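2 protein chains.
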Amino acid sequence: MIMSRIEAPRDDVTGNLVDRLLGGLPVEAVLVDPDVTASYANDMASFCPSGTPAVVVLPRTVEQVQHVMRIATELRVPVVPQGARTGLSGAANASDGCIVLSLTKMDRILEINPVDRIAVVEPGVVNATLSRAVNELGLYYPPDPSSWEMCTIGGNIGTASGGLCCVKYGVTAEYVLGLDVVLADGRLMSTGRRTAKGVAGYDMTRLFVGSEGSLGIVVQATLALRPKPPEQLVLAAEFASGAAACDAVCRIMEGGHVPSLLELMDRTTVKAVNDLAHMGLPETTEALLLAAFDTTDPAADLAAVGALCEAAGASQVVPADDAAESELLLQARRLSLTALEAVKGTTMIDDVCVPRSRLGELLEGTERIAGKHQLTIGVVAHAGDGNTHPTVCFDAADPDESRRARESFDEIMALGLELGGTITGEHGVGVLKKEWLAREIGPVGVEMQRAVKGVFDPLGILNPGKLF
Amino acid sequence: MIMSRIEAPRDDVTGNLVDRLLGGLPVEAVLVDPDVTASYANDMASFCPSGTPAVVVLPRTVEQVQHVMRIATELRVPVVPQGARTGLSGAANASDGCIVLSLTKMDRILEINPVDRIAVVEPGVVNATLSRAVNELGLYYPPDPSSWEMCTIGGNIGTASGGLCCVKYGVTAEYVLGLDVVLADGRLMSTGRRTAKGVAGYDMTRLFVGSEGSLGIVVQATLALRPKPPEQLVLAAEFASGAAACDAVCRIMEGGHVPSLLELMDRTTVKAVNDLAHMGLPETTEALLLAAFDTTDPAADLAAVGALCEAAGASQVVPADDAAESELLLQARRLSLTALEAVKGTTMIDDVCVPRSRLGELLEGTERIAGKHQLTIGVVAHAGDGNTHPTVCFDAADPDESRRARESFDEIMALGLELGGTITGEHGVGVLKKEWLAREIGPVGVEMQRAVKGVFDPLGILNPGKLF
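So the sequences go chain by chain: A and B. According to numbering that gives the first Met the number 0, the first sequence is numbered sequentially starting from 0. According to numbering that gives the first Met the number 0, the second sequence is numbered sequentially starting from 0.
Some clues are possibly wrong.
From the structure, some residues in chain B lie toward chain A, with a derived Cβ separation under 8 Å [to be verified]:
no., residue
1, C165
2, A172
3, T194
4, G255
5, V257
6, G420
7, Q448
Keep in mind that the hints were calculated from the coordinates and are not lab data. From a predicted model like this one, the values you see are computed outputs, not experimental measurements. Where a beta carbon is used, it is the ideal one built from N, C-alpha and C, also for glycine.
Please work from the sequences and hints to get the whole structure.
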């Protein structure tokens with residue numbers, strides 16, 4: 000009957016797994032064609048190994064997710080939860096013989112409440128879809144990773160993602176009030192609350208945010224919203240050195256300003272954007288700083304920040320007059336990663352975050368590392384947060400250059416730790432940085448984190464091989 | 000030698016414990032006089048049992064805390080960590096034969112960094128001391144529990160405390176970036192970061208915030224600071240019914256306003272304050288709402304909010320013209336708990352938080368419960384957060400009234416859960432609400448929380464009998 004519609008050849012183990020999954024899932028929710036399942040093997044990270052999934056499931060209900068986890072537990076099959084696979088650390092990469100559990104079909108916005116300022120959503124809702132829906136009601140969901148038009152809220156929660164807004168509005172974690180989670184054995188657990196405050200027991204909600212699917216499957220989230228702020232106004236400032244731009248960042252933050260965005264592009268990035276888009280940015284620019292305010296009088300804030308940039312040595316300060324001009328100034332920033340990708344065909348995007356007072360040292364050190372390895376490394380940074388994305392440009396067909404790219408990537412992380420920073424500000428650990436997590440949090444930290452993982456996943460079936 | 004200075008009589012078990020503690024602590028840091036140790040038995044909660052500590056230790060260094068925990072682990076002695084004991088849930092109450100580990104002598108502010116906007120502190124620093132120190136540098140540490148002049152940062156972290164600021168600035172948890180924690184076995188673990196962002200591994204920092212000393216001993220904290228906002232301006236609005244005041248709260252929040260404070264006092268509270276302080280508040284006032292803004296143009300914000308209050312039926316709206324007038328308007332709020340205490344001699348302060356859209360129902364239900372039990376229950380609320388403190392006034396010498404007080408207290412929590420709220424918005428679970436935690440988070444939640452506790456405290460020596 001149903002089984003005859005499954006076309007791909009299957010070995011006995013997979014056959015049994017698929018049969019069991021079909022006991023609680025409609026046939027269209029169970030994908031076994033290897034050509035199809037192979038397309039679910041990877042997220043968007045470079046240098047991350049992935050395996051071949053046995054099956055991809057696309058549940059639409061909490062009960063279906065519970066069914067999948069019960070079967071996975073019974074048969075001891077690893078489960079890799081996925082959103083839109085826009086992640087940059089390999090956290091969503093399949094392992095051999097796993098069930099890929101894609102939450103993309105659970106994509107309903109269940110509630111938006113303007114008095115309580117919350118939204119209740121399923122995990123597969125795309126970030127931009129939610130952002131637009133709440134906007135129409137005068138509300139604002141701040142987290143805005145670059146992939147916001149594609150990435151899902153579930154993925155954002157799994158990777159604790161950030162974005163441009165964080166310098167003023169913080170990261171995804173700060174907007175997750177409560178979760179419904181399907182545990183490894185298929186039981187349902189609710190964490191947190193839909194109230195503005197609450198301290199009943201341990202903060203299990205935050206434990207799940209950034210856990211990369213290694214503790215349970217998020218099937219519903221209650222999110223905090225803010226009132227929609229006024230439209231932001233942007234200022235661009237050019238500097239003759241990276242150090243001067245970083246000095247401006249420190250002056251702005253020390254001066255008590257609260258920009259809605261404070262981004263930095265280094266010389267390499269400015270040049271790459273110029274080469275790609277002919278934007279006419281002066282080639283003499285060694286660093287470009289973009290600041291924005293979404294206050295009631297953004298022009299006044301921009302004037303104050305512009306003066307600080309000049310005091311730090313800016314060669315030119317260009318405040319936008321309106322939203323359209325602001326958008327133009329942000330174009331260069333938005334094109335940065337595409338432009339850097341065009342340099343050599345492949346990029347490896349790092350995500351080192353340092354105390355913002357050490358930003359200049361990170362930029363300088365990255366330039367030194369690039370020189371040593373004879374590589375092009377462009378730095379774009381959420382400068383206000385000290386969160387940098389040093390982006391290594393390389394030819395993936397050149398084994399020696401690829402090796403040097405990987406080495407430089409690691410050296411930048413080591414530098415970040417030396418400067419009192421973290422190996423990942425917003426992209427997560429996944430496969431890419433698992434050796435580095437131990438260096439950051441130390442042996443006691445790893446031991447305790449593994450033990451917490453053991454509480455939720457005693458059989459080790461939840462996204463194995465990630466984080467640790 | 001040293002031992003001859005210990006005066007109090009001790010049995011063999013306590014004697015051995017004290018001897019071992021003195022192996023790594025100076026004699027003045029080990030208190031054994033029963034009259035003295037008895038004074039460390041309780042925090043400020045009513046109706047919470049407490050035991051007799053075997054010894055009180057007052058370490059000054061991380062190494063001394065590690066020593067205490069090593070001895071406690073070796074001898075299987077329970078440890079109750081304490082700050083200033085201003086908590087309201089019994090979380091700091093001693094158990095029989097325990098070591099009370101007071102962190103009050105570890106009270107140094109180690110660093111304040113205006114560029115990185117962080118402070119690094121020991122746990123015994125008093126909230127007000129830190130607040131004033133950062134203020135002098137143009138910075139702001141928002142969490143402001145009522146006890147801020149006495150309570151410690153370590154206690155604030157242990158209980159995840161809140162305050163008046165939360166409606167705009169959030170709770171303690173949002174300001175804790177990283178922790179140094181001494182584990183049950185004496186090992187030191189660092190969590191989190193000193194950067195603005197970071198997602199390396201599970202969020203262990205947040206797990207400790209609000210854990211009431213049941214997972215480890217916080218010995219250092221890295222805290223996020225904000226730029227100091229402009230001085231706030233306050234408005235008072237009188238309403239002829241609690242429902243109208245709650246309607247105003249909903250209109251204000253739905254209207255996208257971000258007050259720095261939005262407090263409500265019900266009729267009972269207004270009357271108690273009037274009786275105590277003869278402030279001349281009209282006896283016809285059924286509810287008083289206080290709103291404040293610390294924006295660049297607070298008068299404009301107050302005007303807008305005042306109009307919303309009038310639309311909701313306010314009988315009088317009084318905006319302050321300056322800081323002095325604002326302070327006067329806040330006096331009534333600050334006196335509330337003292338005034339309610341004067342009604343019957345004893346109070347039991349609840350801490351139920353509901354979605355703010357349900358605030359009116361909580362007020363109405365509390366009045367019903369007060370009537371049923373023939374009790375005076377005043378409600379003061381952080382209305383913008385839906386976080387209410389229904390305060391049961393009773394004569395502790397009257398057993399029947401005491402019983403009714405306890406019953407009404409529980410009924411208010413049940414009502415809060417019915418309305419989609421939580422049993423504790425900011426005071427914590429401690430001893431007072433441990434039966435209620437299970438009702439809120441359910442059996443799966445309790446099981447997983449206990450299992451997490453087991454990871455950090457396999458011997459069950461960390462503040463036993465709290466939370467679960």
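Would you check whether V257(B) satisfies its interface hint, that is, whether its CB is within less than 8 Å of any CB in chain A?
Holds, about 6 Å.
Going by Cβ atoms only, is Q448(B) closer than 8 Å to chain A?
holds, 5 Å
If you take the shortest Cβ to Cβ gap from T194(B) to chain A, is it below 8 Å?
holds, 4 Å
Does G255(B) pass the interface check with chain A, least Cβ-Cβ distance below 8 Å?
holds, 3 Å
Restraint check, 8 Å cut-off on beta carbons, for G420(B) near chain A
holds, 5 Å
Would the stated hint for C165(B) survive a check requiring a Cβ distance to chain A of less than 8 Å?
holds, 6 Å
Answer holds if the nearest beta-carbon of chain A is closer than 8 Å to that of A172(B); otherwise answer violated.
holds, 7 Å
The earlier numbered hints are all upheld by this structure, with none contradicted.
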